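Q: Listed below, chain by chain, are the residues.
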Amino acid sequence: MPRIQPDEVRTIAALARLRLSEAEIERMTHELDAILEYIDTVKNLDTGDTEPMTHAVPFDCPLREDEPKPSLSVDDALRNAPRRRDAFFEVPRIVPGTGEGA
Amino acid sequence: MASPKVAGASIAELADGVRARKWKARELVESYLDRIHRLDGRLGCYLLVDADGARRRAAEVDATVAAGRDPGLLAGVPIGLKDIFVTRGLETTAGSKILRGFVPPYESTVSARLAAAGAIALGKLNMDEFAMGSSNENSAFKPVRNPWDLERVPGGSSGGSAAAVAASLCAGSLGTDTGGSIRQPASLCGVAGMKPTYGRVSRYGVIAFASSLDHPGPFGRTVEDVATLLEVIAGHDAYDATSIPSPVGRYRQACAAGLGGMRVGVPQEYFQSGMDPEVEAAVRGAIDAIARAGAKLVPVSLPHTQYAVATYYLVCTAEASSNLARYDGVRYGHRTVEASSLEELYSKTRGEGFGAEPKRRIVLGTYVLRSGYYEAYYGKALRVRRKIADDFRAVFDKCDVLATPTSPTAAFKLGERNADPLQMYLADIYTVAPALAGVPALSQCCGFTKNNLPIGLQLIGPPLGEEAVFRVAGAYQRGTDWHKRLPEDPS
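Order-wise, the sequence lines are chains S and P.
In this note's numbering, each residue carries its 1-based index in the first sequence increased by 41.
In this note's numbering, each residue carries its 1-based index in the second sequence increased by 297.
With the rest of the complex left out, here is chain P (with noise of 0.2 Å):
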């Protein structure tokens, strides 16, 4: 039996050798479990890691195999979930203190998914509480490292998700994306990874920060192990009242489908001051290759992209408030030690168990929702999210796809920014105005700067365009090999 070389494996190349008895998914799992011993304390990607859980799941797909019948389409493969995804039986902490020690009575839609098809999870990967935070130091447990360069950031806020595809400490992974958090750290750690529509993954048993933008979505080192992830995770939940009932696409064809007669836009807003020049030239470089892969390139207009951050953080603190209002100190989770009234019980624990980031967006969210403010600013910011949903239906007669940078910048140094959390949100500018429209979205490498750090390109479709989307990425990726450089494992 050959032996399995995990670092930088795809996710077929995985199954398949599983199905084909190449080697036992018992193995894989302690390849990766190997990793993670050898290399997480210095990446900081795991929160928790399930060695006895991933083994017994092992068994179970090598005894299907055993015994001739087909373990699923992720056979054997093993997966990280961010520690937002509900796991029963497994801490669940969201990366807040106010959530340790809670073990989940139940699974979400999407893990469940996920193992239904053969996939082993080996833990609970690391993320900005709450999902609040574009460098995955606002964890409440420990910063995650960008594993290209262990004195920056990886982004947030999916930072452990993305860290962990990239230093090959799982072969993929799930995240969601509210604002921007599987794009932008997706970008930052040479990874591909894709917020699908709203509604086209379900939200069952993800932990709420922003109801109406929490996109779950799949990481991969490559565009077909996103579209291999996405199709096992998609599709209609009766436990999510907003999924969408139409059917899955066929993500994996797609990818290899060609450009032939595709229009792809290129807005002319999302190249605007403020980029760094080595992101705005791989970008273009990037788009003139899918130009000479056969697609028409499409000049466009997104007039309302300059309100995006000031619209997001308006709606997102907003529902946040409301829904960070359950962690309460009654039924799950950190309570106080000593209070004499509900009330103290109530605002002891809350003091007590929240980070700076989510005490901040409470207070912001609540303000923003208070009487007397709630139309100047909540219901402004929902009239001006109508804009921006326009701005990408109108564009979307004129182009299949817009081809834009994810981030402004490559991956910055921790610390750089987290003493001004107005820097930090406009990290996020080019990927909430897809977020607030619901549309889908997807990242992946397009180059490096010259201190070796990922650069990524943001491809964006129509509601339920993610096939659209693919054909452009696997096209792309087909005339590059950025997807197959992996950064040196740290010492």
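This is chain S alone, in the form it adopts within the complex (with noise of 0.2 Å):
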């Protein structure tokens, strides 16, 4: 029995925010189902108590002074922007409204 099924694939798709087509669901379905079927190999082993792991040396996250410094200037974290507004990223209306719409 297949791991794993389009419509899985469908739902994981729209929580990533990815649009995908019928042909990409296809056939990422079958290599998803492949893949899985391997990786499913460390469900064989048993890690009991063992903690789980997250950093790869051991780390204590530093702490510093909250100090103002130079940084990005408005104009230079805007300048890659698709498309901007005064200074501001422009994206589609979120809230419904009666202004200007986007």
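In case anyone wonders, no lab produced these hints; they're calculated from the structure.
Incorrect hints may have been included.
As the list claims (entries may be wrong) - Think about it this way: if two alpha-carbon atoms lie no more than 35 Å apart in a straight line, the pair counts; the simulated DSBU-like pairs of lysine-lysine are:
hint, chain 1, residue 1, chain 2, residue 2
1, P, Lys593, P, Lys747
2, P, Lys695, P, Lys319
3, S, Lys110, P, Lys394
4, P, Lys319, P, Lys302
5, S, Lys84, P, Lys695
6, P, Lys710, S, Lys84
7, P, Lys394, P, Lys645
8, S, Lys84, P, Lys684
9, P, Lys645, P, Lys439
What the hints assert, rightly or not - If the Cβ cut is set under 8 Å, some of the chain S residues that face chain P in the computed set are:
hint, residue
10, Val50
11, Ala57
12, Glu72
13, Ile80
14, Lys84
15, Thr91
16, Glu92
17, Met94
18, His96
19, Ala118
20, Phe129
21, Val136
22, Pro137
None of the values given here were measured: they were computed from a predicted structure.
Ideal placement from N, C-alpha and C gives every residue a C-beta, glycine not left out.
Take each chain as given, in its own frame, and dock them per the hints.
A: Structure, rendered in structure tokens:
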């Protein structure tokens, strides 16, 4: 029995905000099924009370004083924006209203 | 003034010549630009060549020398940067259409350190999209070809960085290694490359793929060249919270230090079925040579090796799905033309901008992090990751360095594996475990197949054990001349 169905891929792609064509969903379902079958081998290993490892080396989050320092200018930060307006990134309207639409 | 022969030249040779006024940085730059102009059309190493910037930097280095000052350890040495390092004012794409046209407003720590040491960046090197791949066929722009056989892949994801050094289109280069992306292409292209200890080299300004696994590191023709570049780029960086504060080692000295008293471990799990017989023979021959040079060989076991590839693809896809969420068409990069809502803007932009492999990994990563699946997949992978890291910790009580193959095969043909993602993932079988454990590992050439394709030896050290790795690598290289072989220039 397949480990993953096209509908599940469709749902996950929607969660990831990733539009896929029907052909992509078909192909990916098939590929992910083979990959998941391989990946499932980790389930055979008894990890008992082993602690999860989230960092490759021992890691203490370093702290520093919160002092203002030179940083990117607004213009530099916006320079790569596909669409900007004044000092803002521009996106389609999120909240319904009467003002100017995007 | 002597004219520099750049094909096959070492970094020390080129920098010494600039300091001694045997040649000018400008001449080095022109020689490499000429090679790139003549040869890179066939090889596809560069995504962008910054000829004007390189000439400007060369003039600065030459002025420094003329004024009697030292331009630095890398005086006038032309290098290439994988297109994953952001460069101020120079387009940076990570091999993806979603970042086409992105001109970063800041510079990565490591490229800034190279420049401060006198190196000259010639341009940005081709790579698998977002460093996802083992053949460089996932570049959104063009494949890279292996200089030893143009029908074969250079490995990946830092395929451009490895092939450019092999073909003398730069004297050294930087890449990144998340599961093998420096070592595997170094092996397939016959050059040396090192993934240092996680945190030894800053990730600031390195476009993120899997943050707990991303390791920037150098490529060079010789292990001394790799050591030299690592001395320049390593060290603490306040802009990377995971950066290690301990002092940088003397890697160049270590290359010359000899093997006296060293114990080299040979893990049985790295010599099992699936390995090409020619690869096995060359790697076993190299290990015998290391023993003859004075090391004691120790048979060892890393019992969780068989779980490494599965664990790696769980951890890296989970992290990638999170890191790649930033590409949404709002702040930089591609944006879809027509979208009536914010959600449509995101999903259309991402559907149009990402190639097949990032899409596959975003979906897999989202799947394994999903509510209800998280503990069975991602949580499990983090526990197995610790088991794999514990294997290394235990084994380094018994030996100083491990010696293994880098890749189970020499370079494969373009198109041979890219229809089957799982087959491609298995190309990383010997390189993913050191990445998961964060330990330093180097690949260097240890022979050629009968078809004249390079074979790589992988040397793995304990955390911050780069010097031990360089001791073995330097001693092995002194007894061989594999690193002196050059591929013919493509016609």
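Q: Against this structure, judge whether each hint is valid.
A: To see whether the hints hold, each was checked on the structure:
With a C-alpha separation of about 30 Å, the suggested pair Lys593 (chain P) and Lys747 (chain P) falls inside the 35 Å cut-off, and the hint holds. A C-alpha spacing of about 48 Å is found between Lys695 (chain P) and Lys319 (chain P), which places the hinted pair above 35 Å, so the restraint is violated. Distance restraint check for Lys110 (chain S) and Lys394 (chain P): the Cα-Cα separation of roughly 34 Å lies within the 35 Å cut-off, and the hinted pair is therefore satisfied. Proposed proximity of Lys319 (chain P) and Lys302 (chain P) is supported: the alpha carbons are some 12 Å apart, at most 35 Å.
This hinted pair checks out: Lys84 (chain S) and Lys695 (chain P) have alpha carbons roughly 30 Å apart, not beyond 35 Å. Proposed proximity of Lys710 (chain P) and Lys84 (chain S) is supported: the alpha carbons are some 34 Å apart, at most 35 Å. About 14 Å separates the Cα atoms of Lys394 (chain P) and Lys645 (chain P), which keeps this hinted pair within 35 Å; it holds. Under the criterion of a C-alpha separation no larger than 35 Å, the hint pairing Lys84 (chain S) with Lys684 (chain P) is consistent with the structure, at around 14 Å.
A distance of roughly 24 Å separates the Cα atoms of Lys645 (chain P) and Lys439 (chain P); the hinted pair therefore holds under the 35 Å criterion. Checking Val50 (chain S) against chain P by beta carbon gives a least distance of about 6 Å; that is within 8 Å, so the hint holds. Taking 8 Å as the C-beta cut-off, the interface hint given for Ala57 (chain S) holds, the closest approach to chain P being about 4 Å. Restraint check, Glu72 (chain S) versus chain P: the minimum CB separation of about 5 Å is within 8 Å; hint holds.
The interface hint given for Ile80 (chain S) is met, as the beta carbon of that residue sits about 5 Å from the closest beta carbon of chain P, less than 8 Å. The interface hint given for Lys84 (chain S) is met, as the beta carbon of that residue sits about 7 Å from the closest beta carbon of chain P, less than 8 Å. Annotation: Thr91 (chain S) was flagged as interfacial toward chain P, and the flag holds, the nearest CB pair being 4 Å apart, inside 8 Å. With its C-beta approaching chain P no nearer than about 6 Å, Glu92 (chain S) sits inside the 8 Å limit, and its interface hint holds.
For Met94 (chain S), the interface hint holds, since its Cβ comes within 8 Å of a Cβ in chain P; the closest pair sits about 4 Å apart. A cut of 8 Å between beta carbons decides the hint on His96 (chain S): the least distance to chain P is about 6 Å, and the hint holds. Evaluation of the Ala118 (chain S) hint against chain P yields a held restraint, the C-beta minimum of about 7 Å falling below 8 Å. At about 10 Å, the closest approach between the beta carbon of Phe129 (chain S) and any beta carbon in chain P exceeds 8 Å, and the interface hint on this residue is violated.
Because the beta carbon of Val136 (chain S) sits about 10 Å from the nearest beta carbon in chain P, more than 8 Å, this interface hint is broken. The beta carbon of Pro137 (chain S) comes no nearer than 11 Å to any beta carbon in chain P, farther than 8 Å, and the hint placing it at the interface is violated.
Checked against the numbered hints listed earlier, the structure breaks hints 2, 20, 21, 22; every other hint is satisfied.
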